[in-house]
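Using the hints provided, position chain B with the ligand relative to the given structure of chain A.
Each protein sequence line maps, in turn, to chains A and B.
Numbering-wise (the working numbering), the first sequence opens with residue 1 and increments by one.
Numbering-wise (the working numbering), the second sequence opens with residue 1 and increments by one.
Simulated from the structure, these hints should not be mistaken for laboratory data.
There could be a bad hint or two in this list.
Claimed, not checked - For each label pair, taking beta carbons as the anchor points, the in silico distance ranges come out as:
1. A/Pro177 - B/Asn315: 54 to 62 Å
2. B/Ile44 - A/Pro469: 15 to 23 Å
3. A/Lys596 - B/Val20: 51 to 59 Å
4. A/Gly548 - B/Asn315: 56 to 64 Å
5. A/Pro462 - B/Asn315: 52 to 60 Å
6. B/Gly153 - A/Pro469: 27 to 35 Å
7. B/Asp156 - A/Glu225: 56 to 64 Å
8. B/Asn315 - A/Asp148: 41 to 49 Å
9. A/Arg88 - B/Asp156: 53 to 61 Å
10. A/Asp148 - B/Asp156: 26 to 34 Å
To be verified - In silico DSS-like cross-links for lysine-lysine, where the CA-CA straight-line distance does not exceed 25 Å:
11. B/Lys12 - B/Lys46
12. A/Lys632 - A/Lys128
13. B/Lys339 - A/Lys259
14. A/Lys264 - B/Lys241
15. B/Lys195 - B/Lys219
16. A/Lys269 - B/Lys339
17. B/Lys37 - A/Lys292
18. B/Lys220 - B/Lys37
19. A/Lys292 - A/Lys483
20. B/Lys241 - B/Lys48
All C-beta atoms in this analysis are idealised placements derived from N, C-alpha and C, irrespective of residue type, glycine included.
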Amino acid sequence: MPAKRSYENASLDLTFYEFERKTFSMATDVVDAPLADGKPLETLESVVIRFCGDSGDGMQLAGTQFTNTSAVFGNDISTLPDFPAEIRAPAGTLGGVSGYQICFSNREVFTPGDELDTLVAMNPAALKTNVADLKRGGTLIVNEDEFDKANLQKAFYKDNPLEDPNIMAPYRLHKVPMTRLTRDSVAGLGLTMKEADRCKNFFALGLVYWLYERDMSSTEDWVREKFGKKPEICESNLRALRAGYNYGFSTESFTVHYKVNPAKLAPGKYRKITGNEATAMGFVTAAKLSGKKLFYSGYPITPASDILHELSILKNYGVRTFQAEDEIAAITSVIGAAYAGDMAITASSGPGIALKGEGLGLAVMTELPLVCINVQRGGPSTGLPTKTEQADLLMSMFGRNGECPMPIVAPSGPADCFAMAIESMRIAIEFMTPVFFLSDGYIANGAEPWSVPNVSDLKPIPVSHPTQPNTENGYMPYLRNEKRVRPWAVPGTPGLEHRIGGIEKADVTGNLDYSPNNHSHMVNMRANKIAGIADYIPEQPVEGMQEGDLLVLSWGGTYGSVKTACDHAVKQGLSVGHAHIRYLNPFPKNLGDIIKRFKKVLVPELNLGQLKMLIRATYLVDAQGLNKVKGKPFLVSEVSEAIHKMF
Amino acid sequence: MSTTALPQLTAKDFASDQEVRWCPRCGDYSILAQMRKVLPNVGIPKEKIVFVSGIGCSSRFPYYMSTYGFHTIHGRAPAVATGLKIANPELQVWVITGDGDALSIGGNHFMHAIRRNVDLKIILFNNQIYGLTKGQYSPTSPQGKKTKSTPFGSVDAPLTPLSVALGAGVTFAAKSVDVDINHLQMVLERAAAHKGTALVEIYQDCNVFNTGVFEFAQKKDEKNKNCIYLEHGKPLKFGEKLDKGIRRNSQNCPEVVDINSVPEDDLLFHDEKSPDPGYAAMLASMRYPHSPEPMGIYRCVEKPTYDEAVNFQMNSRIEAQGTGDLEELFNSGDTWTVK
Ligand code: SF4
Chain A
1 MPAKRSYENA SLDLTFYEFE RKTFSMATDV VDAPLADGKP LETLESVVIR FCGDSGDGMQ
61 LAGTQFTNTS AVFGNDISTL PDFPAEIRAP AGTLGGVSGY QICFSNREVF TPGDELDTLV
121 AMNPAALKTN VADLKRGGTL IVNEDEFDKA NLQKAFYKDN PLEDPNIMAP YRLHKVPMTR
181 LTRDSVAGLG LTMKEADRCK NFFALGLVYW LYERDMSSTE DWVREKFGKK PEICESNLRA
241 LRAGYNYGFS TESFTVHYKV NPAKLAPGKY RKITGNEATA MGFVTAAKLS GKKLFYSGYP
301 ITPASDILHE LSILKNYGVR TFQAEDEIAA ITSVIGAAYA GDMAITASSG PGIALKGEGL
361 GLAVMTELPL VCINVQRGGP STGLPTKTEQ ADLLMSMFGR NGECPMPIVA PSGPADCFAM
421 AIESMRIAIE FMTPVFFLSD GYIANGAEPW SVPNVSDLKP IPVSHPTQPN TENGYMPYLR
481 NEKRVRPWAV PGTPGLEHRI GGIEKADVTG NLDYSPNNHS HMVNMRANKI AGIADYIPEQ
541 PVEGMQEGDL LVLSWGGTYG SVKTACDHAV KQGLSVGHAH IRYLNPFPKN LGDIIKRFKK
601 VLVPELNLGQ LKMLIRATYL VDAQGLNKVK GKPFLVSEVS EAIHKMF
Chain B
1 MSTTALPQLT AKDFASDQEV RWCPRCGDYS ILAQMRKVLP NVGIPKEKIV FVSGIGCSSR
61 FPYYMSTYGF HTIHGRAPAV ATGLKIANPE LQVWVITGDG DALSIGGNHF MHAIRRNVDL
121 KIILFNNQIY GLTKGQYSPT SPQGKKTKST PFGSVDAPLT PLSVALGAGV TFAAKSVDVD
181 INHLQMVLER AAAHKGTALV EIYQDCNVFN TGVFEFAQKK DEKNKNCIYL EHGKPLKFGE
241 KLDKGIRRNS QNCPEVVDIN SVPEDDLLFH DEKSPDPGYA AMLASMRYPH SPEPMGIYRC
301 VEKPTYDEAV NFQMNSRIEA QGTGDLEELF NSGDTWTVK
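For reference, chain B alone in the conformation it holds in the complex:
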């Protein structure tokens, strides 16, 4: 008996020979580094991994990976990836997208890939700005944001990506931050392991056009104050000394309490497997600075995937009817013979 073990690859093996050309100190560098570190451990041979991207700074990502890659057009990566995944379900398909790409021009494909539960890992680099086109506000920019296209402040209400995704029934939803290396690696590993659409929103610093907006979650001495690090089965706690917790108030809304003043059982216990998407949607609505913001896996539930179902249906037709025979096809319907 012989087993062919996969050769143990390292992060370096996932780097292409192309020079990485993001701006200095762009958050994308860290995300790329974490991805390269994670992939050797996901148990998928390199040739079966494909990165599909749209348009935007982050969408150059595939060129920097030594896997298969497809840099497509603005907003369409989830649709290209859907076709790819249906055609070859054995591939592990990652979609690299941004806030403008996924939520503005590509909103439709984003929503439909999610509601179908296509087995894609969608990594949404949210920098709350259009970087590649040099600094216009994006669908996730906060109201009042002053940019080149909103010199007097944006009057648009922003979208919350995870809320949109949960509304469409996403089976895996997570949030992390570019420079929180260990946390981001953990989240990416979990996304890789998920079967179905995995959406990972990563707060990403645009060093040129929108720097510093995610410091609340990036700075070592601040992030514990502002973020709740989710752990399945554990109570929602945060604070420098993990001295604060979340419970539901009488209106069923989350409220911050002092841990020492309430029994632990009163706190909300994180349940990423909750069949009710309402719980994860509640977490998604908790946004800094109005509330501490949850980081980690919001939701991870199992559901049949679309690509699997399409292929299952085709294969069961083949099983039931036999492999289609052209002769039979041509002669179906009314035929007649001229002698």
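This is chain A alone, in the form it adopts within the complex:
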């Protein structure tokens, strides 16, 4: 079963890093007594808010801080950062709007939410591009100071929408002069106007903290640590934060505020984690579990660069990072390090992965273990660098010359990146093969709670390098074991000197051999070796109905929305089962049987039908697709609608 967050294996078959779902009890709402400010405090189950503004407005920071605070408070969380490809698009324009959405809840949540309860819009462009996602009756907080003529024009508003009852009627509008109040709050600190205005995001954050009854201390600590060396900046951010909070507390504009109690997560220690953080941590852990050093090589690319950043600071874990001159050098240096005996990985995104194709073929041909992480983004070509998509599955399957099979795993969410990183490395080592790890932009930047594992529960990854010749006639680099896996002798070992390469070779000896029967033998050998991995991965679990009318097959970062939609459908009495596939090549052995137990199959994915094509080809089933390519994850409602249409 895909684990949203926990890495628990103590009670299970440790080989496969099984996961156990946490049980959650649903809390019913209660209305608490009003607080000291006399304003009533309503208790809610779940809230979705979004901060949006110019990409220079610090919205990612505000969102991240709110997320951290909510996570530490004990809410379940799921986030969706959304930012433009340009670092600083022209201020005030529609193209430059950056947003950060978070769902926080007292129960388990799997998605950042379809609709917003509260929207914070820092300028007209942010309002225009985001207001459609705010639910009727939702809270709309705007920085009214930015609604001047110039900014309205940049957002193509003829008139000020805040004055238009037709536009504003569905919402609870709060016009807050944030720019002015922020400037006032930092007056006397000797800041320039520009510096003062940079604190607006803290004002907005403070206000939302009041609105949702949050403790500000973790953000205050963060500010002190981050800006400790610049006392005026530190003080100004703290003042703006307080001013925002106090504005909610004291003005009449806000008559009520809300509270979301902690979620009843399974007991244990948690931390907030993004997909890229979990990925980096998973590979560091995999290296430790194998007693090896980690070699990482990459070329900067959005949205994968954070993995390089994360690993670069972990050198004392035996990590060597190499920022290569290009994507090709990244994969080929990883091949060199794998040949030397390191745990070797590279990460990139679509365009970079395309460049790595030939190198991956060499790794397949020489049968060296490594992991290639693809943090997928919208394509083709440069495509949508900062937006999510799942359109590289077929490239991972087939995007190399010749018959060139590679195992593929895909984490189901941010926290699952940790477990699947270890899994991908295990497969690479156990089967002497390069492995694809398919993350995506949504998983990479999204955050959720992660149940901190006990190190002692993690199972070692056994690695062996021969030290003695494996035959009487010397060392044979392609003499295989019962899983068709060759030994991994590393340079430096006396007596085992041998040659490998990308050219076709005879089995066992590794000597060049182009003969027809040998090539046929080797192509089949490599294919069968990868297909045989199916015997060494967990069986496919099904959530919801185990047989019946509709099987929903999903993979990768869509787990949360598809799971939520399937849960709803089952609750509504529909006969729906959900299988979220984390092992995409080879498929789990029992997947074919599962498919046979259902009348229809629906495959929702963020592409034009790539898993669907594989499922149809493999199982000869008339699978239907739900396909979205907007650079955004599925809404639960979109999946629900597709499920209903299948009945």
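Relative to the frame of chain A, chain B with the ligand by itself:
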């Protein structure tokens, strides 16, 4: 006290059991023979030597050596070798490449390995042609060269490999010729002893598609006329009777002079350790037939190597912070406990 001396190996011990399959009289044979002769004397145990190659005729080289070897893909050998050398700095890593492999498809990796000063010995077999693909012009073919892909003559300006390498700050640069056995052995030995990127360009005769183009440096009775054999600390001299020399003219450019007509002190004295790469770059620009062409070690300077620095940085982090503990890593950042 006991010392385990390395068993004295011979050239034969470095030959693999594979049949060598270059064309008859290909210059590669001589280079292979000299390499096998040199390696027993470099003081590195056989199992610590790795040959990494790209694609091209010369790149079959690793299969003919009994050391560790990796025949990679076109142009990428320096990148594979960089990963290998970072992961295990104790290995002596040789990169075998050609003019097309290193300078055309692999130009980027070639340049970056050099500017990082990764401790690799890059042996560039320059035959000025694409042999394996049956005779197209290469990035070192002279302008006007007629080949299958340039039936009316190449209009490309060629690259000078040593100039490119010196531009990227190479710490060891040398040139030799396939059949000049003693000279080639000397150069390979020096490359083996160098710590840092050592680039050795070897003029190599392609007997099938481009034969005879390096005769100026191969023929016993001609080479002294055309080549300056560099010796550190000695004046640049050449000529059948070593009667000609090189000095800098008033524009600071090299010019040929009659030794008997100028005092020896006016000649250029070879300084392979010159910190100024401009001197070696000047030598690299001296190309036959426009000028006598220097052979030997152009440059040999010391600089920290990349592989050393990467490992030093990792080890000093371990020293400063202690070996990373997973428990600590997992619990870094804000955590909370659910009871
Ligand atoms: S084609 Fe030329 S370079 Fe290649 S093996 Fe034959 S002679 Fe040597």
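Evaluation of the provided hints:
1. A/Pro177 - B/Asn315: 54 to 62 Å: Since A/Pro177 and B/Asn315 have Cβ atoms about 56 Å apart, the given range 54 to 62 Å holds.
2. B/Ile44 - A/Pro469: 15 to 23 Å: Since B/Ile44 and A/Pro469 have Cβ atoms about 21 Å apart, the given range 15 to 23 Å holds.
3. A/Lys596 - B/Val20: 51 to 59 Å: For B/Val20 against A/Lys596, whose Cβ atoms are near 57 Å apart, the range 51 to 59 Å holds.
4. A/Gly548 - B/Asn315: 56 to 64 Å: Holds, at about 59 Å.
5. A/Pro462 - B/Asn315: 52 to 60 Å: violated (26 Å)
6. B/Gly153 - A/Pro469: 27 to 35 Å: Taking Cβ atoms as reference, B/Gly153 and A/Pro469 lie about 54 Å apart, which means the hint is violated.
7. B/Asp156 - A/Glu225: 56 to 64 Å: holds (58 Å)
8. B/Asn315 - A/Asp148: 41 to 49 Å: violated (57 Å)
9. A/Arg88 - B/Asp156: 53 to 61 Å: violated (42 Å)
10. A/Asp148 - B/Asp156: 26 to 34 Å: With a Cβ separation near 59 Å, A/Asp148 and B/Asp156 fall outside 26 to 34 Å, so the hint is violated.
11. B/Lys12 - B/Lys46: holds (12 Å)
12. A/Lys632 - A/Lys128: Judged against 25 Å, a Cα distance of about 18 Å means the pair holds.
13. B/Lys339 - A/Lys259: holds (20 Å)
14. A/Lys264 - B/Lys241: Judged against 25 Å, a Cα distance of about 94 Å means the pair is violated.
15. B/Lys195 - B/Lys219: violated (32 Å)
16. A/Lys269 - B/Lys339: Measuring from Cα to Cα gives roughly 9 Å; hence the hint holds.
17. B/Lys37 - A/Lys292: Outside the cut-off at roughly 36 Å; violated.
18. B/Lys220 - B/Lys37: Satisfied, since the Cα-Cα distance of roughly 22 Å is no more than 25 Å.
19. A/Lys292 - A/Lys483: With a Cα-Cα distance of about 23 Å, the restraint between A/Lys292 and A/Lys483 holds, given a limit of 25 Å.
20. B/Lys241 - B/Lys48: violated (44 Å)
When each numbered hint is compared with the structure, violations occur for hints 5, 6, 8, 9, 10, 14, 15, 17 and 20.
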